[in-house]
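K.L.:
First to last, the sequence lines map onto chains A and B.
According to the numbering used here, the residues represented by the first sequence are 1 to 550, in order.
According to the numbering used here, the residues represented by the second sequence are 1001 to 1438, in order.
Just so you know, the hints here were simulated from the structure itself, not pulled from any lab data.
Just so it is clear, CB atoms sit at the ideal spot from N, CA and C, and this is done for glycine as well.
Among these hints, one or two may not hold up.
[Claimed, not checked] Now the in silico label distances, taken between C-beta atoms and shown as ranges:
| id | chain 1 | residue 1 | chain 2 | residue 2 | range |
| --- | --- | --- | --- | --- | --- |
| 1 | A | M40 | B | K1006 | 38 to 46 Å |
| 2 | B | K1392 | A | G478 | 51 to 59 Å |
| 3 | B | S1348 | A | G478 | 53 to 61 Å |
| 4 | A | V44 | B | F1061 | 33 to 41 Å |
| 5 | B | S1134 | A | P347 | 37 to 45 Å |
| 6 | B | S1134 | A | P143 | 30 to 38 Å |
| 7 | B | S1134 | A | P138 | 15 to 23 Å |
[What the hints assert, rightly or not] Heads up, simulated EDC-like pairs for lysine to aspartate or glutamate below, C-alpha to C-alpha not over 20 Å straight-line:
| id | chain 1 | residue 1 | chain 2 | residue 2 |
| --- | --- | --- | --- | --- |
| 8 | A | K230 | B | D1246 |
| 9 | B | K1260 | A | D31 |
| 10 | B | K1063 | A | D31 |
| 11 | A | K133 | B | D1137 |
| 12 | A | K133 | B | D1123 |
| 13 | B | K1021 | A | D31 |
| 14 | A | K548 | B | E1268 |
| 15 | A | K81 | B | E1094 |
| 16 | A | K376 | A | D211 |
| 17 | A | K230 | B | E1252 |
| 18 | A | K387 | A | D340 |
| 19 | A | K81 | B | E1097 |
| 20 | B | K1310 | B | E1268 |
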Amino acid sequence: MKRRDFVGLTSLAAGALFLPSFPGFGGTLVDPSRLLEPVMDAAVNKRLADAAMNAAKSAGASYADVRIGRYLNQSIFTREKQVQNIASGESYGAGVRVLANGTWGFAATNTVTEAGLAKAAQLAVQIAKANSKVQKDPVKLAPQKGYGEVTWKTPIQQNSFEVPVAQKVDLLLAANAKALDNGANFVNSALFQVNEQKYFASTDGSYIDQDVHRIWPTFSVTAIDRASGKFRTREALSAPMGLGYEYLVPKAADKIAGPAGTGLIGYKNSYDIIEDATLAAKQAKEKITAKSVTPGKYDLVLDPNHLGLTIHESVGHPTELDRVLGYEANYAGTSFATLDWRKQGKPYGSKLVNIFADKTQLGSLGAVGYDDEGVKTKQWDIIKDGKLVDYQKTRDQAHIVGQNESDGCSYSQSWQDVQFQRMANISLKPGTQKLSVDDMIKGVDKGIYIAGRGSFSIDQQRYNSQFGGTVFYAIEKGKIAGMIEDVAYQTNTIEFWNSCAAICDESDYRLFGSFFDGKGQPSQVSAVSHGSAHTRFNGVNVINTARKVG
Amino acid sequence: MAILSKDDANTILKKVLSFSKADECEVTLNGQNGGNIRTARNMVSTSGAVDNVALTVESRFGKRSGIATCNEFDDNTLRRTVQRAEEIARLAPESPEYMPLLGAQQYLAPNAFAQNTANITPDFRAKQAGASISLCDQKKLSSAAFLEDTTGFVAKRNSKGLEAYQQFTNLDFSVTVRTPDGTGSGYAIADFTDIGKFDAAKMTQIAAEKAAGSVGAKAIEPGKYTVILEPAASVELLGNMMQSFDARNADEGRSFLSKKGGGNRKGEKLFDPRVTIYSDPTHPEVPDLAFAGDGRPRQKVTWIEKGVVKNMYSSRFWAQKSGITDIPFPGAFIMEGGTQSTQDMIKSTQKGILVTRLWYIRSVDPQTLLYTGLTRDGTFYIENGKIKHPIKNFRFNESPIIMLNNIEALGRPQRLNGSLVPPMKIRDFTFTSLSDAV
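Bound-form chain A, shown alone:
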């Protein structure tokens, strides 16, 4: 019998998350009040970590790091007028990673005592020594100075666990009611909240205490026409964020009007779920009778809530150094952007394309003070003026590209999984010239405006991709000319980024995010944001996805 992974966790498809039996995403199910109880004490953690590191060194480790983690989460699911599930989870334990005989070893325990951690450290050394027999090249770590005892906290205004569950349920049900009032037949909504309390220590002399918060409100509205048998859904245009509950308190200053004629609104650091649910119901109904697209070449104007996923798939993953080197070959694949390809100096995109990696942007999902191997986070260029200039790396990868510093890309989804290289926030820099989305559309003769994420698929080396969206509008002679349906664009990564013709200015820049990005075997999830402003791509191949069956 096959052990079944819970697909919803590793999929970006929001639809897959709306399962009534969703059990919470990890940890022991607890009473919500438990999520506010302080458990981790830095002084105690330091003592525990020292015990583990001493045990590792005594057993023969040349390096050790310890992660003591308390991972808290809460998920709330509703449909129409009812609550489907509320789950609060807590997971507490410690993972010890060591280098012995030049080989990694890892062991984890939920016995968070000095003896428990020391035992895990000894087991990690045993595993490292056993695996070193088939190791061909010893691990080389980029040097890393110890930071001493330091702390970092997501600068949230309100911890979402402090907000009563009933209040959060009421908000979701109010959004559902708005959708139903405005013509939706069905609506599912959900709220995910995460708090990672992480203590990291290493034999380099770092003792790092971090408190990381994330939140994601989302919904899916369905409209049905029984006579024709057609149904359409419209997903929320929210973004998962590295924020507290303040994200659900809408502020006028965070709203950016979408293109004239669409009614769409872009959201920056706060989200109006009631407003979006109202519009979603109207748009879901409109989608049923919208004109089916004529396939062909179009100029695309992509909103940040859509483009973020394209950036994620076509720049984020192919520039992860472990993928480039072949470590993910049996699962997600490798990358076209090899070290040799980079040396050839071919353009990744047009000169307008400047893409940066970043683990510091406030409000982003990837923002932390230090990564999961104790490296202080930073921002760095991946694509500069259209050329690939760097990759995303961890400490044991830096030397492979002739560097002596990690980028701070190490992450583990919990204390019991080993940390490995994960994607930083990867974002497209806004244009330097003043440009609004309406001005951008004015210059488009035959085009399509796409908002929100839809179907997405890309090959195992990240050349060929196909993306749908949440809503589509025809652009004719510089104006929005009504909603269209059945749109997907198929493109080659290099051709796509080289067709980038214009980027709106900084005032239009905002974040998209992926809350459950899957990678590795066994698979681990991570959360990552992608910022951009509206961007125009010329002459992209659009297909019609309508089919006739039965």
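Knowing the structure of chain A, use the given hints to seat chain B on it.
P.N.:
Positioned in the frame of chain A, the structure of chain B alone reads:
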């Protein structure tokens, strides 16, 4: 302590139930013991072990329900967990879809456990991974592989008299072999209840042959082609289609099984008459758990018979509300096939494409079950009954509904992802663009 005997599990479950003050209480023990090893670039990259038992307590007061879990089993922890479930239940809103807990049930007795799989050691994993690596070292190829084995049990008991217990074992192995210059790639995957037939080197050999054979791929025009889909190419598309057999979605008008004007399409012929798909937890090749998560018995169920939709699964609430047979979601499916091997199917093909694997499959339109994705790790052009040459990978946009109406031939079913899937020869399969990926 990961694998508890029926008696040991019952001792804990009965004790937990005795602590309950709720109107109804159901307790479940779920244990897993096993490990994994991962390789890349002909080296071990990571390895890990799992050993955990978790207890889930669901307490109910009227139509209110609360769930709490723990993984320690001293009396204090058990008591606290029951109390927590009861506290959560008291605070929960009433469920309008409340169904009382099930009473005693009769279950089938599948043999989903094999002692030799349960006996796997870290040494066994390292030896299998080592054999896979050695073969690639000798052939100067580069391999990446993942082996994961699980021995587990589920035990369930409730205050209405339901009792269920079952053990199971499983091993998954997949390997990707690439040529050093990155111009060829091959793949093999399999899973087993009993590891008697598992041989990592043999599977690596298949992947290595595909890698070497896929060097020098030629581009051919995208379009509609006759394809032979190996089981690794079709299993996910079929699995996705079976996930869409939910009766409620169909009745609510948001499924490919919804009927124009209302109702669902049960009883309609939607597929080629050679299509028969069923589930059977006692099938010797793909044994499964005899009960669903909510304790409902899993029986033999025919979903599609000779192209006609025969049954859909549903929640207990929806079954009662709509007056249909109460069928839980299955753990696996079995598609009937023929006796031909993939080689036999190639021999009988004038012009066509052999597809090893489809990858990154995503839903494009749930109305028509249109999916997109790409071929990967060995795509070959067939002419006059022989593999003529490797071809570059394609993106496809196709619906399993259309696919299962365009059947030319079905081969001998093979186990994959716990299901049984035949290789299939399909006409007019739609490839929409070329990919440079290898």
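K.L.:
Would you mind marking each hint as holding or not holding in the structure?
P.N.:
Here's how the hints hold up against the structure:
1. Distance hint for A:M40 and B:K1006: a CB-CB separation of about 39 Å, consistent with the stated range 38 to 46 Å.
2. A hinted range of 51 to 59 Å for the beta carbons of B:K1392 and A:G478 is inconsistent with their spacing of about 39 Å.
3. Under the hint 53 to 61 Å, the C-beta atoms of B:S1348 and A:G478, about 57 Å apart, fit the expected range.
4. Checked against the hint of 33 to 41 Å, the C-beta distance between A:V44 and B:F1061 comes to roughly 38 Å, which is consistent with it.
5. In this structure the supplied range 37 to 45 Å holds for B:S1134 paired with A:P347, their Cβ-Cβ distance being about 42 Å.
6. At roughly 35 Å, the beta-carbon separation of B:S1134 and A:P143 lies within the given 30 to 38 Å, and the hint holds.
7. Range check, B:S1134 to A:P138: Cβ separation about 21 Å, and the 15 to 23 Å hint holds.
8. With a CA separation close to 17 Å, the supplied pair A:K230 and B:D1246 stays within the 20 Å bound.
9. Restraint check: the Cα-Cα separation between B:K1260 and A:D31 comes to about 45 Å, which exceeds 20 Å; the hinted pair is violated.
10. Taking the CA atoms of B:K1063 and A:D31, the gap is about 19 Å. The hint holds against a cut of 20 Å.
11. About 16 Å separates the Cα atoms of A:K133 and B:D1137, which keeps this hinted pair within 20 Å; it holds.
12. The suggested pairing of A:K133 with B:D1123 holds, with an alpha-carbon distance near 12 Å, which does not exceed 20 Å.
13. Proposed proximity of B:K1021 and A:D31 is supported: the alpha carbons are some 17 Å apart, at most 20 Å.
14. Straight-line distance between C-alpha atoms of A:K548 and B:E1268 comes to about 16 Å, which keeps the hinted pair within the 20 Å bound.
15. Taken as a hint, the A:K81 and B:E1094 pair is honoured in the structure, with Cα atoms around 12 Å apart against an allowance of 20 Å.
16. For the hint pairing A:K376 with A:D211, the CA-to-CA distance comes to about 15 Å; that is within 20 Å, so the pair holds.
17. Pair hint A:K230 plus B:E1252 holds up; C-alpha atoms about 12 Å apart against a cutoff of 20 Å.
18. Under the criterion of a C-alpha separation no larger than 20 Å, the hint pairing A:K387 with A:D340 is consistent with the structure, at around 14 Å.
19. A threshold of 20 Å between alpha carbons decides the hint, and for A:K81 with B:E1097 the separation of about 12 Å falls inside it, so the pair holds.
20. A hinted pair counts as satisfied when its Cα atoms are at most 20 Å apart, and B:K1310 with B:E1268 qualifies at roughly 8 Å.
The structure fails to meet hints 2, 9 from the earlier list, while all remaining hints are met.
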